[in-house]
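Novice: From first to last, the protein sequence lines stand for chains A and B.
Take the position in the first sequence, starting the count at 1, then add 296; the result is the number in this note's numbering.
Take the position in the second sequence, starting the count at 1, then add 296; the result is the number in this note's numbering.
Quick caveat, the hints were computed from the structure, so don't treat them as lab data.
Remember, predicted model here, so these are calculated numbers, not experimental data.
By construction, the Cβ of each residue, glycine as well, lies at the ideal position given by its N, Cα and C atoms.
Each hint should be verified, as a subset may be incorrect.
[Claimed, not checked] Covered, in the sense of this in silico footprint (three residues per stretch, anywhere, with C-beta under 8 Å from a C-beta of chain A), are these stretches of chain B: (1) 758-767; (2) 895-907; (3) 912-922; (4) 1032-1038; (5) 1042-1053.
[Stated by the list, open to error] Distance windows between CB atoms, simulated: (6) Leu772(A) / Arg412(B): 47 to 55 Å; (7) His623(B) / Val450(A): 25 to 33 Å; (8) Arg404(B) / Gln1000(A): 29 to 37 Å; (9) Met765(A) / Ile652(B): 47 to 55 Å; (10) Ile652(B) / Val420(A): 12 to 20 Å; (11) Trp419(B) / Ile649(A): 15 to 23 Å.
There are 2 protein chains.
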Amino acid sequence: MANVAKKVSWSGRDRDDDEDGRAGETTPLLNGTGPGAAGSGRQLTPSPFLRIGQLSNVDLNEEVHELETEVPRQRPNEIPHNEKLLSLKYESLDYDNSENQLFLEEERRINHAAFRTVEIKRWVICAMIGILTGLVACFIDIVVENLAGLKYRVVKDNIDKFTAKGGLSFSLLLWATLNASVVMVGSLIVAFIEPVAAGSGIPQIKCYLNGVKIPHVVRLKGLCYKCPSVPYQAVPTGGLASSMSSLKLPSLLFQIFEYFRRDTEKRDFVSAGAAAGVSAAFGAPVGGVLFSLEEGASFWNQFLTWRIFFASMISTFTLNSVLSVYHGNAWDLSSPGLINFGRFDSEKMGYTIQEIPIFIFMGVVGGILGALFNALNYWLTMFRIRYIHRPCLQVVEAMLVAAVTATVGFVMIYCSRDCQPIQGSSVAYPLQLFCADGEYNSMATAFFNTPEKSVVNLFHDPPGSYNPMTLGMFTLMYFFLACWTYGLTVSAGVFIPSLLIGAAWGRLFGISLAYLTKGSIWADPGKYALMGAAAQLGGIVRMTLSLTVIMMEATGNVTYGFPIMLVLMTAKIVGDYFVEGLYDMHIQLQSVPFLHWEAPVTSHSLTAREVMSTPVTCLRRIERVGTVVDILSDTSSNHNGFPVVESNPDATQVAGLRGLILRSQLIVLLKHKVFVERTNLNLVQRRLKLKDFRDAYPRFPPIQSIHVSQDERECMIDLSEFMNPSPYTVPQEASLPRVFKLFRALGLRHLVVVDNRNEVVGMVTRKDLARYRLGKEGLEELSLAQT
Amino acid sequence: MANVAKKVSWSGRDRDDDEDGRAGETTPLLNGTGPGAAGSGRQLTPSPFLRIGQLSNVDLNEEVHELETEVPRQRPNEIPHNEKLLSLKYESLDYDNSENQLFLEEERRINHAAFRTVEIKRWVICAMIGILTGLVACFIDIVVENLAGLKYRVVKDNIDKFTAKGGLSFSLLLWATLNASVVMVGSLIVAFIEPVAAGSGIPQIKCYLNGVKIPHVVRLKGLCYKCPSVPYQAVPTGGLASSMSSLKLPSLLFQIFEYFRRDTEKRDFVSAGAAAGVSAAFGAPVGGVLFSLEEGASFWNQFLTWRIFFASMISTFTLNSVLSVYHGNAWDLSSPGLINFGRFDSEKMGYTIQEIPIFIFMGVVGGILGALFNALNYWLTMFRIRYIHRPCLQVVEAMLVAAVTATVGFVMIYCSRDCQPIQGSSVAYPLQLFCADGEYNSMATAFFNTPEKSVVNLFHDPPGSYNPMTLGMFTLMYFFLACWTYGLTVSAGVFIPSLLIGAAWGRLFGISLAYLTKGSIWADPGKYALMGAAAQLGGIVRMTLSLTVIMMEATGNVTYGFPIMLVLMTAKIVGDYFVEGLYDMHIQLQSVPFLHWEAPVTSHSLTAREVMSTPVTCLRRIERVGTVVDILSDTSSNHNGFPVVESNPDATQVAGLRGLILRSQLIVLLKHKVFVERTNLNLVQRRLKLKDFRDAYPRFPPIQSIHVSQDERECMIDLSEFMNPSPYTVPQEASLPRVFKLFRALGLRHLVVVDNRNEVVGMVTRKDLARYRLGKEGLEELSLAQT
C-alpha cells in the first residue's frame, strides 16, 4: 500500500494511503446507456446537502474525516434510479490539448504553410461531412417515401377487398399486424444490438457536445444499425431522428486524417455533423448552425462557426440536388430539406398587431400542454426504468404500442366519418373508407400519411378542409400515443409528432377563432396551425433561437419570425415553470453529468475547497514504474488524470504542482517501456513521438493487457516531457461559479485545486460541478452512483 | 523610493525598485481616438522581434537586465504612426468579476427569488433597448426620407427653372453648395465635438465587444451628437451608421439599474444594443444576433443569446409598427427594417446548379474589387493621418468630397443621357433632366435617390431598365467616391455604398450574361445585382455568417441563402489573400489592442515567460497607505491591477500570490479612508459596502483628487476583503496559445503569471497578447507606443 502513490489531502499536510476517494473520473461500464443497468447503484458520497455556508470556518481536517467515515457506512444501500443521482460511468471529453513537450515540439516544427494545409484539410472534412450527411438524408427520404406508399397500397387494397365483404375486423388486424411487425424489426435491432440508436438521438448529441463521452455515439457502426431501423419510425411516429444519425459520419472521416486525432478536433467535427444533420432535415442551414451552437458550443470561435456553416450549406445543397434529380426536376433545386413545411406566402398571410396577444395565449397553451407531455413521459420513463428493462420486454412494448396505434386509428376513422371532397385537395394518399365516392376520409388521411405530410396539410389546406371534431379527437389521441411512443426502444423522435399535435390543435384554434369572429379574413387556420406547432414543440423541447430560425427556414418565410419567437419564448417560460424540457429530463434520468451554461445562481456560497474531490492521487516527476502500474490497476479509484509533483521536496522547496498526466498517456508510456533502471538514472529513456499516442487514440488498451515484469517494476519513469506542464489551476478560495466558468468555457476535463504554495489539494472534474443543481428549495447536491 | 512597493522580478528572488516597467495597463489620454494624436508616440519596448526559441535556456536574470537597460536607450525615438504599433492609451474592459469578500457576501445574501428579479430586470432592460433602438431608427428613417424629398424638390425646381434658361452651371453650383453645406454641419459636429461619432461606428463597436474600452463609445452624449449628423450621410453616402448609433442607448438604461454597474453586464447590454441596431437597420433580427456574436462574443452563453435575440426582435417590431402607422397602413407591419431590399419572389427566380460556378466567379470579382477598395482606402487613411489631422482641415476635406460628388454626378448625368420610360418604373424621384417628356434620366435617379432606394431599384427593376454604359460609369465613379468618403470626418458607413457598387456591377454582369447567352430566362439581372452586392460587401468587410443571414432576412428569401454564402465565402477568401477587411484595417491603423479569435498559429514557440510584462508592482496584503498612494500617483507606470502578496514572508512561507486588487478599488478605499493606525492594528477598519464601489463606477476619481495627510500616509490598509482572492493565473511555461485562450475565453483584463511556488513573476494584459501577429514573414511583434 505504501507504494501506491503519494496522496495529498485537503491542506496538503496530512497524507494518508486510504483508497477511498472520489477524485478523478472512473472508467465506464462498457455496455449501453439503456435503463437496464438501473438499480445496481452504489452511493459513494452520503451527504445529499452540503451544510452550505457553515463550512468556511470549520476545521477542514475534521470535515474530511467525517466524509471518509461516512462513506463505507452508506455504501451498501440500494438507491433507486432517479434524477437525484449522477452516474460515474460517463467519461468526459478533453477539449483542452495536453501541451506537453512532444506536442509543442511538433507545433514548433510546423511552419505557416503547413498550418494552412491543416486548415484546408479541416474545410475538406467539413465539406465531406456535409455531402455524406446529405446523401444519407436522401437515402432515408427515398426509403421512407416508398415504404409509406407500400403501406398505403397494401392497406387500401385490403380494405377495399374486405369492406365489400364487411370484414372490417380483418382490415384492422392486418393493419395492426403490419405496424407491429415492422416496429418489431426496428425494436429488435435497437434493444439487442445498438441501444444508443434509441430515441431521437438529440439528447445523446447534446451530451456529446456538452463534453460527455457517450459510448458508441460517434461510431460508424451506430449509423449502420440506425439506418435500417429508421424507416420504421415513419410508422407510426416522427422522422427527425433519421437525419440526426448522420452525426455518426464524422468519425469515419476522422479516422483518415491522423492529425485530427484528439477530442478537440473530434468535437468540432461532431458539431459540424450535428449542424449538417439539422440542415438536411429541415433545409435550414442557419438553423443547423444555431442548433449546434445553442446545444453545444462553449467557446464561440469564428473560424469553427464558418466551417460548421459550410458543412450545413453543403449538406442541404447535396440533399436538394439529389432529390431534385430523383423527383425528375433536375437542376431546379426545389427540395431544400427532408421536412418541408411548404411555403407560406406572406403577401397573402401577414399578421397584424391585434393578433399578437392571441399568439402569446397560444404560447401559454403550448407551454402547458408541453409540460403535461413531459410530466406524463417522465412517469412513463420511470416506470420503464423500473419494470421494462429487459430487451425482450422492450420489444414487446414497442409492438404493443404499434398495435394500439393502429387500433386507435382504426376506431377513430370508423367513428369520425369526416368526409371531405377529394377534388382540389393536396393529400397524397386519400382513403375513401366509409365515404361516398369522390370523397376521402380526412381522419384516415391524417393517420396514413407520413406525419411530415400531415403537418404540411394542416398548414396549407384551405379553410374548411377539416372538421373541428376530427381535429379535436386526433389531437387528443395523438398526444397520448406520441407520449407513449417517446422513449420506446425504437429510433423515433419527438420533433414531428409534436409539430403534428400542435398543428392539429392550432388549426382547431384557428377554426374556432374564425367562428367566434364570424369569419374574419385574418383568422387563417393554416397560420394558427403553424403557431400551434411552434407552441407545442417549444413547450416540449424548450429550444428558442435555433427553433425560431429552423421554423423560419422550413417555412421559407421570415415574416412570421417575430410571432414564432414570441410563441416559443412564451411556451418556454410557461413550460419551465412546471417541468424542464424533454431532452434535459431524459439526460437527467440517465444521470449524465451534464454541465449547464452557468453555475446555479445561489452557488456563490460554495468554494473550490468544498466542491473538489480529495484526496488526489499524485505522481512524482520521476516515478517508480511499479507505483504507476499499481495506481493504474487500482479499480476502486479509476482516476484518469494525475497531478505530477516535484520528486524530492526539501525544506526550501515545496512539493508544488509541476504538471498533469493522463491515464492514456501513462498507458502508452508503459506499453512502449519508456523507463530506465533505477541504478542507471543517467541513461536517456526511450523517446516517443506524438504519433505513438495518436495511434492509440481513442481506444487505449486497458492496463491489464500490459505486462510489466518484476524487474521493470523497479525501474524509474521520467514524466517531464509527457506531462502537460501548465495545467489550469484554481485556488481553494475560488467560488463555484468561478470554477464553473473556467471549466465550462475552456472545456476542461481536470482542474487542479492548489493552495497558496502551489501544492495540490484537490481536483475538480465534471461530476463535481454537475452535481450542484438548483432545485425547488434552493441548491441541491446530487449523489454519485455507479449506475 | 524604498517605500514605493515591493517588486517581484522574473524569478522572485532579486527585487529592485526600478520604476521602469511595462506591466499593467495605462490610463487613457482623455481626448478622442482621432488621428490627431499621431506622431507623439514613445517606444517603450525596444525589441521588435523576440529571439524566438532561444529564450528557454538562457539565464533569465540576464535577460531582464538586458531589457531594462535597453528601454531608456530607445525611448526618445519618434515613431511614425503606422500599423506596426500598438497604442497604450486604450484600456481593457474587465469581463471577469472581482470576486472579493464584499461581492461574495452580497451574492450569498441574495436568495433565489432575488436572483429571479435580477434576471427579469435584465429582460426588461433588453426590451427597453429594443424599443428605444426601434424608435431612434424610426426617427432617423423619417428624417432621412424627408430630407431626401426636400433635396429632390429643391434641385428639381431649380433645374427645371434654369434648364429653360440654359443656366446649367448654376444648377450644378446649387447642388454642390447644398451638398457641401449639409456635410459641413455634420462634419463640424464630428470634428470638434464628438470624434467617436465618425465613420460607421462598426469598428468602434467591434473593439468594445472585443473588450477594449473606447472612450465615449457608450455614452448617451454620443448618441445626441450622432443623431443630428446622421441625416447628412444620406447625402451623398450610406445609411447604416444611423442604426448603429443606437448602440449608445444601453448606457442610459444602465444608469438606472444599480446592480448592473459592472463591465460584465454593461458589455452584455451593449451586445444587445448592437444586435438591436442591425436588426432595426435591415429588419434582420437573427442577423443582428449573429452580427453581435460574430463580432463580439467570447463565451457563448445561451441565456445571454436569448436576451439579445429578444432585444433584436423587439427592435424590429417597434420599427415596423411605428413606420407602418407613419406610412398610413397601421397594423399590417409591412416595414420590417430601415433598409429593405424588397422581396425576391423565389417561385419566379430560383437558381440552377449551372449558375453556381458563375456565382463563385462573382465572388472572386467581389473579393478583388473589395481588396482594391481597402488598399486604396488604406493609402488614403495613411495620408489623412499624416497630413489632415487638424479638425478644420477635416471639415474642408469633407466639404470638398461633397462638392466633388455633386460635380461628378452632374457631369455624368449630363454625359450619359440614359433615358427610360417613366411608366411602370418604381423609382421614387424620377428626374426628367435632358430627357423627353414621359421619360426620366436613370443616371440622375441613381444619384438622387437615397442609396438604399437605388439598391432596391437595381435589384428589382425589370430587365432593360438600365443602360450598360450607365451602370459601368456609375460603378466606376461611385467606387472611387465611396472609397474617398469612407474615413471622412462624418458619420458615414461603408455598408450601403458597397451594396450599391456591387449591385451596379452585378446587374451589368447579369445584362452581359443575358446578352452572351442570348437572353436565357435564368439570367435575371436583378438576381445578379443581388449577388454582386453580396460579393462587393463581402470583399470589403469580410463578414460571412452574419452577413449571409442579414442578406437573407433583408431580401425575405431563404432560397438564395446558399449562393449568397458561396459568394461571401469566396469574396472573403480571395480578399484575405490580398489585404484584410476594412474594419480590421481601420482598427489596426488606430493601433487598438484587438484580440482575434485565436493566437497566431505559429506562436506555440512563445511562452508566458516571454510574453508577460515584468517586473510587476505588487502590494502586500496589509500595506502602508503612503506606499499605495505613491504607486497610484506614479505616472510613469499607470498600472490598473496589482497582485497582492503575503505581508511577512519567512523561511517556511513563500511570498505567494494572495489576490489581485484594481486601481479603482484602491481609489475608493483611499477616498473612504479605509485604514487603521499602524500602532493600533487590532482596530477594525471601516467597512465598505459594494454600493460604495458601484457609486464610483465607471468614472473613478483620479488619485490626485484624493487628499491623504502625512499622518494618514503612515496608516496601514488591509486589502484582504477587497482584493479578488482567486485571480486567474498561468505558470511561466504555458505557451502563448494557451495563455491567449484563457484570456480571451474569460474576457480577462489581468492574468498573473506565477512560478512553481506561486510567486508572482509577471503579468499578462491585453496588449501583451495583441502585439503578436501573423505577418507575411511569420510571427511579428508590434511595438508599444503612447500614441
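Novice: With reference to the structure, classify each hint as holding or not holding.
Specialist: So, going through the hints one by one against the coordinates:
| no. | hint | in the structure |
| --- | --- | --- |
| 1 | 758-767 | violated (count 0) |
| 2 | 895-907 | holds (count 5) |
| 3 | 912-922 | violated (count 0) |
| 4 | 1032-1038 | holds (count 3) |
| 5 | 1042-1053 | holds (count 4) |
| 6 | Leu772(A) / Arg412(B): 47 to 55 Å | violated (35 Å) |
| 7 | His623(B) / Val450(A): 25 to 33 Å | violated (58 Å) |
| 8 | Arg404(B) / Gln1000(A): 29 to 37 Å | violated (48 Å) |
| 9 | Met765(A) / Ile652(B): 47 to 55 Å | holds (50 Å) |
| 10 | Ile652(B) / Val420(A): 12 to 20 Å | holds (18 Å) |
| 11 | Trp419(B) / Ile649(A): 15 to 23 Å | holds (21 Å) |
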